[in-house]
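Residues per chain are reported as follows:
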Amino acid sequence: MIGTVARRPIRGPIPIALLLIALGWIGLTIGAPLATVLVEATAKGSDAFFAAFGDPDAQAAIRLTLIVAAIAVPLNAAFGLAAAWSIAKFNFRGKSLLLAIIDLPLSMSPVVSGLVWVLLFGANGWFAPWLEAADIKIVFALPGIVLGTILVTVPLIARELIPLMSAQGADEELAASTLGAGGWTTFRRVTLPNVRWALLHGVLLCNARAMGEFGAVSVLSGHIRGLTETLPLHVEAVYNEYDFVGAFACATLLAGLAVVTLVAKTILERAGASAAKKGSAK
Amino acid sequence: MTLAVNKISKQFGRFPALNSVSLQAREGEFLALLGPSGSGKTTLLRVIAGLDKPDQGSVFMDGVDFLKLSARERRVGLVFQQYALFRHMTVAKNIAFGLDVRPGKSRPSRQAIKARVDELLALTHIQGLGDRYPAQLSGGQRQRVAVARALAFEPRILLLDEPFGALDTKVRKELRSELRRIHDETGVTTILVTHDQEEAMALADRVVLMNRGQIEQLGSPQELDDAPASPFVFEFLGECNRLPCKVSGGVALNNGFAAPIIGGGTSEGEGEALFRPSDTQLDSGPVGDGLPVRVVQVGGRGALRTIECQALSGHRLFAELPEHLAGHFEAGQRARLTARRVVVDIKAKSADPSASHLEAPTREIA
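Chains as they are written, first to last, in my numbering: chain A, 1 to 282; chain B, 283 to 648.
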């Protein structure tokens, strides 16, 4: 298989030294902080740990985080599919511009992603008079948080799909249409199954990022306890009040999400690889 | 089913891909669209399939106006060079697709579809591969699946776009005769696009030889061989020697060389004689008719040998002779060269061979 390099067992002082440095670095930068989260969260026993989740504000934060992800991820999945479909299967003017714009949020600070919405919909924003007249609240409310999250996570699914769909080309879709399949049937039975693993992979990454987003949401939320605080904001707020157990208990949820994402990602990559094997082996 | 293509024109930007092309395919006929790349053969196929819209002209299939139907509605079986099989479906699912996606009542029952799939697996000689995925098949097997898939939903016509282009020579030859067998068994009207003249001449009932968006000649392989309509046709269908000549009374003449022009011809003047190495004769005797040449090299193996000669004028000419005749010749020897038949390119006086095709008159072919 292309891309597989013959592996040798590690021998000699230099490879062992390199390995130790790598492991030490990972332990220091990832392992130790994760361990700290667990240790701090359970420092006052399991009762205090679980009591942190009994706090109505914590529950509201968890609920809000789930709602935001439940709105942002499907929207980004729909957008990602549409963008990847049009970029990979058709030629049109402005295609490279669209590609560049999709990538923009990756290189932009999330704080900026939050601020642009404040600029548009905030109390002194461009659309403020209309919003006020219609009594619609966007900034410091759920819509703003969702918008900020979407802007930050918009590239994640599209970028998983575009290279794959480009590589697959449009021949199968052409074949399907000459065989009598309509647009929706072709999408459902040919296009979507061909990208299902990449799509799931993208959804997973997008979800993890959406639930963990801090910067953009921090600008847009207004930090109203129990109303507009997502889980990451709640962790910070509780921590600032010296409730270390409460903060770290909620942080275990986010850390747990990362671990679950990692495991699911690995499983998906295995499944995708075996599907690819089915799809490429002679 | 009969296909009638009438005065189809199509431009890509300023490039005329098709220029008023007309042809008819009879029911059950096997047509080959043959030509060099850029001749418009693939564009014509795509117009018939509904993947490209022509600027002008009409396409009728049994009286149905094809241009009013989308590709989806035309019920045209299309086979791609790169197979375009559905990679996540088994072979059986691939073949069943055209029947599976039929709406509501027109969709056959599950048993009927399975029976049809089995029938096509048998027809294309890939029984037992129904549960495999495309990636688990060889190139030849994949193209068999593609043909089976295109035939399963009983298309009005089967179109194949360079279907053997991605296959190695041995598999290509094998699949070629298989395609003819499948055509003969199903009787479906078939149009094959190819740039391989050997393939077109071996497979098709009639060959449509295209050049620069127009039809140079349309006829049976025999007709194209016996009566090429233009120097282009003659040259495209096989190797050619070129020799400047004078034309007079249906004979091409050059310093003892005198060869009859195919179809006689009424033009007089100067031109270039085109003739096949297999139509070329060599005589080792000291006197007689023929262009004086010197043998440069005797090459090849087996029953046919290629003898390379050089005329006094410097022109290199090749003769293909059976082994027992070729034995009389060796490098450095003098000989006299004639041809059984030639085609004359009257306008090709200049050294630029491509100019001749630009100016070549195009003929109306019924």
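Wrong hints could be hidden among the right ones.
[Stated by the list, open to error] Calculated lysine-lysine pairs in the PhoX-like style (CA-CA distance at most 25 Å, straight line):
{"#": "1", "chain 1": "B", "residue 1": "387", "chain 2": "B", "residue 2": "375"}
{"#": "2", "chain 1": "B", "residue 1": "335", "chain 2": "A", "residue 2": "95"}
{"#": "3", "chain 1": "B", "residue 1": "387", "chain 2": "A", "residue 2": "89"}
Keep in mind that the hints were calculated from the coordinates and are not lab data.
Structure-based check of each hint:
1. 387/B <-> 375/B: Distance of about 20 Å is within 25 Å: holds.
2. 335/B <-> 95/A: Holds. Residue 335/B to residue 95/A sits at ~24 Å (cutoff 25 Å).
3. 387/B <-> 89/A: violated (32 Å)
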